[in-house]
Each structure stands twice: as structure tokens, then as C-alpha cells.
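Participant: Just so you know, the protein sequences line up as chains A and B, in that order. The numbers in the numbering used here rise by one with no breaks, and the one at position 60 of the first sequence is 60. The numbers in the numbering used here rise by one with no breaks, and the one at position 23 of the second sequence is 23.
No lab work stands behind these hints, which were simulated from the structure alone. Yeah, the Cβ is synthetic: ideal placement off N, Cα and C, and Gly gets one too. Don't take every hint at face value.
[Said to hold, decoys possible] Sample of chain B residues facing chain A (criterion: CB under 10 Å; computed from the structure):
#1 Y52
#2 Q102
#3 L122
#4 Y210
#5 G211
#6 A284
#7 E321
#8 G357
#9 V361
#10 T363
#11 P364
#12 I366
#13 Q504
#14 N506
#15 P507
Spelled out from the first residue to the last, the chains are:
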Amino acid sequence: MRASWGQSGMQPISDGLSRETLGPNVHYYSDGNYLPGLTVVNNANPNLRAERNTALNIGLDVQLFHGNLSASLNWFQHTNDRLLIPTQVPQPPNQAGNTWLNTGELRNTGMDAQISWNHIVNTSQLDWSADLVLWGTNTQLVNIGWSTPDFTAYIGSPGFCCAGYILVENDAPLGQLYGLVQAGVNPDGTIQYKDLNKDQTVDIYNAVSPDKQVLGQGTPKLEMGINQTLRYGRWDLNVFLRGAFGHSLAHDNRVHYENLEPDFGLYNHIKTSYFNSRIRDYTQISDVFVEKANFLRLDNATLGYRFAFKETARIQMLRLYVGGQNMLVFSKYTGMDPEVRWQDNGTFDNGGRPYSASPNLLAPGVDRRGTYYLSKTYFLGVQAGF
Amino acid sequence: MKQFIRLGILSLLLLALNPACTQLDEPLYDQISTDQFFTTQTEFDQIIGPLYTNLYGLGSHGGFFSMQEISSDEVAIPNRGGDWGDDVWVRAHQHYYNAYDQPVSNAWSFLYSGILACNRILDLLDKSNQQGHIPNTELYTQNRAEARALRALYYYWLLDFFGNVPIITDYDTGNTIPTNTPRAQVFDFVEQELLAVSPLINKNITQANYGRMHYYAVQMLLAKLYLNAEVYAGTPRWNDALDACNTIINAGLYALEADYFANFKVQNQTSHEFILAVPFDAKAAPGFNLAQMTLHYSAQATYNLQQQPWNGYCSLQEFYEKYDSNDVRINNFLVGPQYEADGITPLLDSNFDDPDGPQVVYTPEINAFTMNCYRQAGVRIGKYEFEKGAGPDMSNDMPVFRFSDVLLMKAEILWRLSPSSTEALDLVNTVRKRAFEPDEDLPSLNAQTLLDERGRELFYEGVRRQDLIRFGVYGAPTEFMPGSDPCKEIMPIPAGHLNLSNLQQNPCY
């Protein structure tokens with residue numbers, strides 16, 4: 001049994017965050033010429049301090065069967081407070097719209113378990129070992145430092161200038177995907193949303209509305225990795241499976257391109273299993289766009305064969321192997337990649353440039369249109385020893 | 001060892017005797033020392049010039065200028081199928097804007113960014129002056145006045161747009177939390193600032209201060225301020241407004257261009273009508289992207305644009321029909337069948353959804369506003385010349401204050417002072433003569449004809465909302481606007497700025 005507690009400061013991501021910084025802006029006109037100028041881009045904050053990380057771990061380590069089975073179980077709570085966040089601040093009184101503040105507190109609570117079992121079966125013909133890693137965390141936003149509820153992860157053009165995917169709320173988990181709940185499709189093709197507060201009207205347009213609810217969680221409840229090594233005679237096999245469970249993703253491609261909106265062309269639509277040809281309505285963020293994204297991925301598998309040689313031979317060892325990476329994904333998610341999105345890289349402007357330079361850590365759970373298929377890799381190899 | 005000691009003593013002696021060490025006023029080549037700066041106007045320009053770059057925000061979509069235009073009856077963005085489905089623009093036109101709307105927040109940030117930058121530079125100038133680093137007092141006074149005048153321009157916009165806003169004049173605001181100043185007091189502040197800088201600011205209008213605040217821009221601001229004094233502060237100030245207009249007119253520096261559209265060409269910086277303009281440039285000073293904002297997606301092929309336009313902004317039928325067909329200014333709009341760059345090949349929309357076929361035909365009629373608006377519906381804003389082969393940013397300069405506005409303002413003031421004033425009628429007809437061949441003078445003036453004439457002449461120049469309010473018809477129902485309460489004449493203070501400060505929300509939000 002073991003337990004530990006520690007507290008430390010975190011290295012900030014760059015120098016000079018506490019200072020007023022000037023940045024280049026566009027050129028100013030002066031007597032026929034355009035000359036470069038500077039403006040304030042970040043306000044000074046002389047009281048800025050390092051982030052503080054407090055970690056509490058309680059663990060149990062077990063070894064059995066002459067050390068062949070080892071297991072370790074951990075409960076942890078990591079609290080990050082005084083988080084350094086570039087915060088939008090009101091102008092006035094601030095010069096620039098952005099100041100680095102020690103705002104916010106995040107609390108990660110979770111368990112992880114690691115079981116490593118060597119030689120589960122061990123005969124002269126067969127040897128089987130397996131490792132299992134399981135972990136689950138809950139990330140709670142204790143305090144963001146400004147009044148909530150607030151929105152983040154703006155959906156973006158075309159069609160959604162000002163609506164966000166993620167509800168940011170103090171004392172609530174990080175990554176709450178939020179929106180309306182579809183009840184069905186009306187005969188005229190408009191979407192009927194549920195009147196959650198039973199006041200006979202569905203309040204669609206207010207960002208925070210009594211007819212909206214949390215539709216899913218961007219962070220997983222459980223993640224897992226299993227590595228199996230099997231040797232049978234001259235054959236060897238290694239399989240690594242990895243999965244994440246309990247998280248949802250807002251499917252940005254579907255939000256933008258699935259509904260047949262009134263008076264909109266019939267081409268270039270995504271037709272997933274959720275596609276409903278009766279819909280002729282503008283898209284609002286609702287439960288149908290937030291999908292459970294549980295997945296199990298065959299990250300790596302390798303099969304090898306080892307040839308036999310006489311001890312006097314030039315070549316001592318020759319192994320042929322075939323394998324692949326990312327060969328299979330088991331998931332009901334309709335997007336390209338069900339992987340957990342721990343941070344949001346934001347929407348794009350019309351020129352295809354991301355609006356925000358730094359990823360948004362407050363918004364896990366958005367599968368943006370920038371996603372592309374992960375490649376599958378197959379390989380064939382020879383390993384020789386002399 | 002002894003040798004080293006002897007050598008050491010010798011070198012120390014040599015050093016002590018070295019006469020060069022006493023001469024320390026060595027010229028610096030890689031730095032400018034404080035007493036060498038602020039001697040010429042060029043050096044002041046390096047400090048004052050960057051203040052103007054904030055104005056580039058006027059040209060783009062989504063903020064102050066967009067809200068000015070779309071909340072009026074001259075511009076709207078209907079929901080075109082799946083595009084422009086973000087209801088904020090429909091609501092903006094129908095005066096259902098609220099404190100959470102991003103464009104309202106953008107407008108606030110745009111205006112205060114300008115003000116705070118001015119405060120910073122004023123602080124820098126004052127501190128440098130106090131420390132005796134500004135040798136040229138005359139230039140100091142003049143440039144200081146210019147920065148204050150620019151700040152007053154932003155405060156005038158805030159007064160007009162948000163009404164009850166905090167007044168911040170210091171750079172180092174410490175921990176003060178801003179509070180609202182009532183609209184009438186903001187009016188007084190802007191007036192005092194303008195009157196204070198008026199005798200100090202640069203009066204010479206040359207190419208060197210194009211795009212900058214100067215004496216006549218200050219007079220224009222005063223004219224606008226007094227013209228709307230009744231709205232802002234409850235008491236009309238027609239005679240003061242008249243004086244300011246006369247100061248500009250009598251100076252003889254500005255004149256109507258022979259061609260109305262000379263003001264909106266790509267190379268329009270030579271216009272004699274510009275009292276203040278934002279000198280956009282596609283490369284160096286980007287941000288004016290009207291072509292993107294208004295043109296149909298397919299119109300990329302008409303102008304060989306580098307990016308596909310957004311098919312958003314258009315005008316409304318009621319407004320379009322205020323123009324006579326022989327009014328040259330009807331070309332403020334793009335209307336009718338559209339063609340590719342050769343002018344012959346019809347411009348087609350492969351995804352057309354209107355009954356007249358695939359050719360793009362801009363129609364004055366907008367068939368629907370909140371749903372099912374045809375992709376081609378609505379006449380487009382064509383008053384600026386769209387450069388062939390351009391990227392998203394345009395090089396046309398954007399007038400903020402134009403001389404024909406001064407003439408129409410003076411006409412309105414004279415009419416308000418005496419409804420039968422022939423001078424007022426003559427002034428309106430002076431502006432009209434340029435637009436008609438042969439002349440089509442108005443026989444008399446009334447509120448409607450004056451407002452309409454201003455609308456026709458100053459379409460998409462950011463004055464319509466203010467004009468509608470001054471003539472008391474901002475809340476009157478129009479084509480797609482059901483009518484609104486008078487309290488909607490000022491915008492809500494953005495929620496994001498209320499949360500962290502002591503500000504009071506405006507009534508009715």
C-alpha cells in the first residue's frame with residue numbers, strides 16, 4: 001500500500017505572460033505609404049503566479065505467482081488551481097481584450113488499474129502473456145473564474161456564427177455538449193424539438209434555454225489498453241487493443257452538411273444512418289448530432305515466424321513478420337474518427353484558417369471538420385541476427 | 001610573475017592617462033535617444049499613425065458597421081437556405097438584438113479598442129512632454145489634439161450606438177471599474193472634447209494627412225453631434241449644427257465630384273468629397289471585403305475573384321424603389337441578370353432554387369426572409385467598384401464623412417429652421433443635379449423627401465440608422481421588420497462586459 005501527496009508549481013507555457021505586450025497589427029497609412037505599426041495585444045498582470053498542481057495518490061501494489069502476476073491499483077485526485085488562462089476581459093478598463101489570469105480550478109479524480117500477467121500459459125510450445133491497463137477520470141471544472149454558464153467551441157460558418165457546442169459551467173464536468181432534444185419531424189419537414197420545461201413553447205434561440213440540456217460528455221468514463229503476446233512454437237503474435245468508452249462527440253460535419261435545409265441544394269450532403277430525408281429545416285444543435293463515440297481500436301498487431309538454423313550457420317536468427325497499425329476500429333460513431341478530442345482546435349474562417357491560434361482546453365468533445373481519416377499501416381519485415 | 005605585475009601597472013597607467021575616456025558623447029547608430037525623437041511630424045506620425053488601423057474594422061462583416069447597416073431599412077441578410085441561417089442577422093434587421101449577440105459585443109470592442117489605444121498614446125505623449133523629451137511644442141499640441149479628436153470620433157459612435165457608456169480618458173485605469181455615464185453627459189463630453197481640440201488640430205488638408213483627423217473632420221463631427229442633439233441630449237442644436245456645416249462649406253476645400261461613383265472606385269483616394277476616409281489596401285491594409293459579403297457565390301466568375309463570395313448582404317425592395325429609374329445612383333445596386341467576366345456568358349448557379357432558371361438574376365423582391373429565401377433574391381450592394389481578380393480584401397477607400405452629406409445636412413437644418421427655405425431646397429437639388437441627366441429637381445421638401453434623398457445619396461455609408469432615428473421612423477414597420485419600441489434605438493451593452501464590471505444595462509434589454 002502506498003499513498004502520496006505533493007504540491008508543485010507548473011512551468012508556464014511561455015515567458016512574459018505577465019507583461020503588457022505589443023504586437024504587430026496591419027499597416028497604417030502615412031502620406032502615400034503603408035507603414036507597420038504596433039498595438040497592445042495583451043494586458044499586463046503583475047500579480048500573475050505559476051499554476052499550482054496538488055496531487056493525492058493512494059495505491060495498492062500486488063505481486064503473485066512468483067512475480068508473474070503484478071497488479072497495481074491507484075486512486076488519485078489532481079487539483080490544478082490558479083490556472084493560467086488567456087481570458088477575455090472587458091474593454092474598458094483594459095487596454096486589450098486579453099489578459100493572462102490565474103483563474104479557474106480543475107479537479108481530476110479517477111482510478112487507474114494495471115494488471116500484468118506474464119506466462120499465463122507457459123509450456124514448451126505455448127507462451128502467453130497479457131497486460132491490461134484501465135483508467136477512468138472525471139474532470140470537474142470547479143471554478144472558471146468568470147460567471148457561468150457560458151459557451152465555448154463556436155460552431156462557425158456557414159450558418160452558425162454565434163452558437164457554441166460546449167456549455168461551460170462551474171462545479172460541472174468539463175466538456176458538456178449542450179443543446180435541444182429532437183422529438184420528431186413535422187409533416188412540413190420542420191423539426192419538432194421537445195418542450196423540456198413544458199411551457200408550451202420551445203426556446204430555440206437563447207444560448208442557455210430551459211429547453212436545452214446536456215446531451216453528452218466529451219470526456220470518456222473509461223479508457224483501456226490490452227496488450228497480448230502469444231508464442232506458439234516458432235510463431236509469435238502481438239496484439240494491442242485500445243479503447244475509450246462513455247464519451248460523446250459533436251459531429252461537426254453532420255451539423256453543417258447533413259440536414260436538407262429548405263431551399264438548399266440536394267448535392268453534397270452527408271448521409272449517415274441518422275440522415276432523415278423528411279427534414280427540411282435549419283439545423284440547430286440537438287441530440288441527434290451528439291453521438292456516443294465508444295470505440296475499441298486494434299492499434300497494432302504483428303505476426304512473426306522464426307526460422308531455425310544450426311548453431312554453426314552464418315545466420316543465427318531470421319524472423320519474418322507481417323503486421324499493421326490501426327487496422328480495425330469497432331465503433332458505432334458515424335464520423336471519421338471516434339477518438340476522444342481532449343481539446344478543441346476551433347472553427348475555421350472562410351479562408352480555411354483556424355480562428356484561434358491556441359487550442360481550447362475547456363472544450364473536449366468536438367469532432368471538427370478538420371478531421372481526416374487516420375491512415376492504416378501494413379508492414380512486412382525481416383529481422384536477422386548474425 | 002614579476003614581469004606580469006610590471007606589465008599590469010604599466011597598462012593601468014596607460015589607461016589612466018588615456019585622454020579618449022573623457023569624451024563620452026559618442027553618437028548612437030542603433031538606437032534613437034529620447035531627445036532625438038519627436039522633432040519632426042514624421043516621427044509623430046509613427047506614434048499617431050497606428051491609432052488609425054483600428055478603423056479597418058469598419059470594412060468587414062460582423063461588427064459595428066454591419067449592425068449599423070443591418071438594423072436599418074437599407075440592408076439585410078435573409079436566410080438563404082442553409083446559408084446565413086444564424087438568426088442573429090435576421091433578428092438584427094427586426095430589432096430583436098440582445099446583449100448576448102456577438103456582433104453587438106464586437107461593436108463594443110471595436111469602439112473601445114480605438115479609444116483605449118488613443119488613451120495610451122495620449123499618455124505616452126504627455127509623459128514624454130513632462131520629462132522634457134518633446135522639443136517641438138507646436139507639433140506636440142497639434143498631434144495631441146489629433147489623438148483626442150480620433151478618440152472623440154469613437155465616443156460619438158458609442159454615444160450614437162450604445163448611448164449610456166463609460167467614459168475612460170486615462171491610460172492607467174488602475175483598478176477602477178467603469179460605470180455608465182448617461183447619454184446626455186456623453187454628449188457633453190464629446191462636445192467639450194471637440195471644442196477643445198478644434199483650435200489646436202491641424203488645419204492644412206494635404207495628401208500627407210489623408211485618412212487622418214483634422215480640423216474639418218472635427219467640424220463634421222460637431223455638425224453630426226449637433227444635428228442629432230435632440231436624440232442624444234433632448235435639446236435641438238440646429239444653429240450650432242449649421243455653423244459647423246458652414247465652416248466646412250465656406251472653407252472651399254471640398255467639392256462634389258462630377259461623377260457620383262468616382263467616390264467609390266478602386267482608386268478613389270483623390271476624391272474631393274472625402275472629409276475622412278479609411279484608406280484600405282488589399283495587401284497592406286486589409287479588412288474591406290464588401291464584395292465577399294454581398295455577391296452571389298457564382299459571381300466569383302464575374303470578377304474573377306480569388307475566393308468565392310458569401311451571398312449575404314443585399315438591399316430591400318422598399319428601399320430600392322425609392323430610386324427613380326433615371327437616377328444614376330440606382331447603380332448603387334446590382335440588379336437583374338448577371339454575367340461572367342466576358343459580359344456575355346450568363347452567370348449560372350448550378351444549385352439554383354428559384355423559378356426563373358439557373359442564371360443568377362438579382363431581384364428587388366426578396367421572396368422570403370426567415371426561410372426559403374432564393375439564393376439570387378435581393379439587389380446587391382454595387383456602389384463600390386469591384387476590382388477584377390481581387391482577393392477577399394478590397395483596395396477601395398471607405399468614406400466615413402463625405403461632402404455631399406454636409407450639403408444634405410445643411411439642407412435639413414435649414415428646412416428644420418424654416419420648412420419653406422429655398423436655400424434648403426437648392427442644396428438638395430445641387431446634390432440631385434449630379435444624379436440626373438436632365439435635371440429632376442424636387443419641387444419642395446418635407447421630412448420624407450429629405451430622409452429619402454439622404455438614403456439614396458448615402459446608401460451603405462453607415463448613416464441610415466442614425467437618420468431613421470432622427471426622423472423618428474427607426475421603429476416603424478418595413479418589409480420584413482414588424483416594428484420596434486423606441487428603446488431599441490440604442491443597442492444593449494454586451495453581456496460579456498456587464499458581467500465583469502459595474503455597468504447598467506440599457507432599458508428594454
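Participant: Now tell me if each hint is right for this structure.
Facilitator: Now for the hints, and whether the structure bears them out:
About 5 Å separates the beta-carbon of B/Y52 from the nearest beta-carbon of chain A, less than 10 Å, and the hint is met. For B/Q102, the interface hint holds, the least distance from its beta-carbon to any beta-carbon of chain A being 4 Å, beneath 10 Å. Given the 10 Å rule on beta carbons, the hint for B/L122 is violated: about 13 Å separates it from the nearest Cβ of chain A. At its closest, the beta carbon of B/Y210 sits 7 Å from a beta carbon of chain A; the interface hint therefore holds under the 10 Å criterion.
The beta carbon of B/G211 comes within 5 Å of a beta carbon in chain A, closer than 10 Å, and the hint placing it at the interface holds. Hint status for B/A284: holds, given a least beta-carbon distance of 3 Å to chain A, under 10 Å. At about 25 Å, the closest approach between the beta carbon of B/E321 and any beta carbon in chain A exceeds 10 Å, and the interface hint on this residue is violated. With its C-beta approaching chain A no nearer than about 15 Å, B/G357 sits outside the 10 Å limit, and its interface hint is violated.
The interface hint given for B/V361 is violated, since its Cβ lies 16 Å from the closest Cβ of chain A, which is over the 10 Å cut-off. With its C-beta approaching chain A no nearer than about 15 Å, B/T363 sits outside the 10 Å limit, and its interface hint is violated. With 10 Å as the threshold, the beta carbon of B/P364 stays out of range of chain A, its nearest partner Cβ sitting at about 19 Å, so the hint is violated. Taking 10 Å as the C-beta cut-off, the interface hint given for B/I366 is violated, the closest approach to chain A being about 12 Å.
For the restraint placing B/Q504 at the interface with chain A, the shortest Cβ-Cβ distance is roughly 14 Å, beyond the 10 Å limit, so the hint is violated. Taking 10 Å as the C-beta contact cut-off toward chain A, the hint placing B/N506 at the interface is violated, the least distance being around 16 Å. Hint on B/P507 is violated. Least Cβ distance to chain A is approximately 20 Å, over the 10 Å limit.
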